[in-house]
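What follows is each chain in one-letter form.
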Amino acid sequence: MSEKWNIILRIYRQKEGEAPHMDNFQMEVNPDEYVIDAVERAWAFHDRTICFRHACHHSTCGACGMRVNGVEKLTCITLIRDVTYDGATLKVEPLRNFPVVSDLAVDMGLFYRKMEKVDARAVLPVTEAEIENPPRKWASEDSEYIRLSDCIECGLCISACPIMATTPEYLGPAPLAAAQDHGIHRKPELLSIVDCEDGVWRCHSAFECTAVCPSFVDPARRIMDLRKQVVGTRLSKLIGKA
Amino acid sequence: MSKPHVIVIGAGFTGVATAHDLALRGCDVTVVERGDICHGTSGRTHGLLHSGGRYAVKDKESAVECIDENLILRKIVPQVIEPNGGLFIGLNESDLAYAEQFIESCEECHIPLEELKPQDALKLEPNINPKVLTAFLIPDGTFDPLRLALAFAGTAKHNGAKFRTYHEVQGFVMDGQGNVCGVKVLDRAANKTEEMRADVVVNATGAWSGEVTAMAGLDAPVKPTPGIMVAYDQRFVQRALNRLNVPSDGDIILPQRRMVVVGTTSYDAENVDYIPVTDDQIKLMLERGSELIPGIRNSKPRGIYMAARPLVGGGSGRSMARTFKCYDHKETHNIDGLVTITGGKATTLRAMAEKTADVVCAKLDITTPCVTKETPLLSYRQYYASPN
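Residue numbers (this note's numbering), protein chains in the order written: chain A, 1 to 242; chain B, 1 to 388.
Pulled out of the complex, with its shape left as it was, chain B reads as follows:
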């Protein structure tokens, strides 16, 4: 009997991790992506390997997901991670007032933390604001966004998954009874259209998943929520730096290679194919960022960019949960053959994939359990190095 064929739309974090999981469970997987790997939101992620500390107070579900997945990623893909930890620093009375709930919530979410005296924090990170009043060490980290995706994609490829990049989905192939049985794609490199058949199609297009489900006549389960990032040209810190307070604009600074990246903002948007950067947001990152690291004012911006988070559920902007949702459209709309996964964080990509693969496998009567928690990924270079 031939293996069931699953098409995954989108080669961002969710798509490549889902391809990896499904390939390990014995599916024949084809990933179609309109650009190259990480063409959309995933590539432009700030790269914070969340410990969950940022969400512990307001969004415990996401926080627990983050700490669990943080520890797993450190084991299976150390090649793309700067595992140096994170500091939450308090600079005023309001920050100090937040500390109590922060400690309690981190404990509840089993996020290990260590309180530091200001002088000890400054010893660890001499470039942070010398007016620091308190600081907490937590197991944050940073990662290279593209290489994180490549490691999943390369391992999936090694296990038989095929990647069709520069293939844009233009519609679904329907079976005549209202169910999805494939996709119509435009091969942008050859300027040719073709139809591809599948037993299940997974929509892993994040901020664009509403546009893709609309091709099947379904409503959008996602709200694209962009935010700005500004990279400055000096590596001021070794650890991820967070303001000890309710998540807000410009309150994260991450080291990456010889830079630090300051992020971010959060607002609702419709079309996210191209999101212009605005001067006031750049100014805000400098103002807020230099509260955490005053030296940023003497460095130069190296890259400025926007990324659109795919948030799910009610509310808007910051108040929305960072957790993820997987929809079997057989259950939501009585349309078989289509599964949508959206929401979530880069840090939880593996868990999102596990959930999605569980749903897909149940539809295909595959009982093989998920093994991605224990499976180290191959070198990220394998994605390009091995033939398609």
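With the rest of the complex left out, here is chain A:
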């Protein structure tokens, strides 16, 4: 028999042209289900007007990013057990720094345009991914294998970034991490995109992006490394090596 908890699911609601508010749903849940399951259940059985994004339910698509009790989470891999307790509330809100389409659904347009601007890699050779499990050395033929990149474009880093909140012009953590993944040496045209006011220098090293990233991208470390790449390129130019 699965364990049952009674919780109050508090969902952020906002319809076009109306002021936002929170709706409470008294729900019986299995604590070993995920937060997205509770939201989907609220939609299926309580209120058919709730809007939310979701697709794969196993952290490969990046559609179900939300703020859970104020913290950015990929809700399809966030166990209810880990974010509330029996008899307590569970608050679910849309990501910050994105326009709200309706309720929990946000508009990914500007973010995806930035990912496209840096030509973020969707797939890459497995040997280029910094993968540590299972721990083994790559065989020579492994370089022929392709895998989907770590970044699932969920937008959690954009929502958590305190600098992102100051200007939508800032490229932001995931796009900068994607530029670092290419490397300026491999893709020199990225230099002018990242070496500017709204690029790599606007980051204030809050590391919130890395704290919330559900997919091993570690954007903060990558931004720091990208700065090194930019400085290195500038120095090379200065001494005439580029």
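Since the hints were derived computationally from the structure, they do not count as laboratory data. Cβ coordinates follow ideal geometry from the N, Cα and C atoms, glycine included. Possibly wrong hints are sitting among the right ones.
Only pairs whose alpha carbons sit at most 25 Å apart, straight line, appear in this in silico DSS-like list of lysine-lysine [said to hold, decoys possible]:
| # | chain 1 | residue 1 | chain 2 | residue 2 |
| --- | --- | --- | --- | --- |
| 1 | B | Lys355 | B | Lys373 |
| 2 | A | Lys4 | B | Lys300 |
| 3 | A | Lys4 | B | Lys184 |
| 4 | A | Lys15 | B | Lys192 |
| 5 | B | Lys75 | B | Lys373 |
| 6 | B | Lys283 | B | Lys3 |
| 7 | B | Lys162 | A | Lys15 |
| 8 | B | Lys75 | A | Lys117 |
| 9 | A | Lys15 | B | Lys184 |
| 10 | B | Lys3 | B | Lys330 |
| 11 | B | Lys162 | A | Lys117 |
A partial selection of chain B residues facing chain A, derived with a Cβ cut-off under 7 Å [stated by the list, open to error]:
| # | residue |
| --- | --- |
| 12 | Arg44 |
| 13 | Asp273 |
| 14 | Tyr305 |
| 15 | Cys370 |
Since the structure of chain A is already known, use the hints to place chain B on it.
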């Protein structure tokens, strides 16, 4: 003369691929979807780009569709595919006994395969069960479900198709003579209802297509058949892994990003808006999955979920064919203006769309041929990046 307007209900694989095909053939297309892209079954697909090997013995029609479409998708949408191939592995006498029909059937369905010695299979995939007795390499692959749909949707959008997400169809608009001439939708983002007119409406709602045809007073041509998937937090293999035997529960393991996904089960269900996961099915995936990759027992589940296949035809569960059917309701029920497409596999989405667009175009006297086989798709990001 203005272009004919086609409304496609559903932004799953079939809906977005149909929108793409119809946009290329010169139709004015509007897709209405109650959630966002891939809100239903498509998003929760395990992501196996079928070579057809899984169906070769029992369901040759599906197997041939799969290998043909597998090769096409590799060409037109490589951005969402891990093209690393697949292994069918045999672990006991019963598996070995299946090998002969497997080889014959794959040859009949022109699915290329290569037999490997156990030590060679283990060299390629060191984490599979070391007791492997035989193995076959075949051109399976894996894909990212949402991004596969986005690539079709984004390209359709670029070619003029409009996407109305969070628009739930609540009924059909009828022309007074019993024919469909549009849909009544609830815009869930604005809480407003509206009527939209169309020359043809395509019902591409998969496991929900019975509910949608019921709005026009027609019976359901589909049987929702859910199955479970469990994602574990280590990428044990680079290739899709199948048990060399008759398709059964928990006999597929797919690599995806830093995970593997074990699937699946197969049973009949009625309401599939929310399908609860049961403990016994989770346990079954662990038991069956760890026969293929023993290390799974030492990894952790990362996501557990259910998806409802839209199967068509007679029988139930595993015995049902995986092929697809397109119905012009003018022919089946003498109701004009409505076409239903259902059944099929993610791998065959383009072929399903071609068949559907053929039916729609015949109704609209459009003679432009299908070109989706040769048309590379744009970046999947275009769906969100370009304005609606």
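Hint check results:
no.: 1; hint: B/Lys355 / B/Lys373; verdict: holds (13 Å)
no.: 2; hint: A/Lys4 / B/Lys300; verdict: holds (22 Å)
no.: 3; hint: A/Lys4 / B/Lys184; verdict: violated (39 Å)
no.: 4; hint: A/Lys15 / B/Lys192; verdict: holds (10 Å)
no.: 5; hint: B/Lys75 / B/Lys373; verdict: holds (9 Å)
no.: 6; hint: B/Lys283 / B/Lys3; verdict: violated (54 Å)
no.: 7; hint: B/Lys162 / A/Lys15; verdict: holds (21 Å)
no.: 8; hint: B/Lys75 / A/Lys117; verdict: holds (24 Å)
no.: 9; hint: A/Lys15 / B/Lys184; verdict: holds (20 Å)
no.: 10; hint: B/Lys3 / B/Lys330; verdict: holds (22 Å)
no.: 11; hint: B/Lys162 / A/Lys117; verdict: holds (23 Å)
no.: 12; hint: Arg44; verdict: holds (5 Å)
no.: 13; hint: Asp273; verdict: holds (4 Å)
no.: 14; hint: Tyr305; verdict: holds (4 Å)
no.: 15; hint: Cys370; verdict: violated (26 Å)
Consistency with the previously given hints fails for numbers 3, 6, 15, ordered from lowest to highest.
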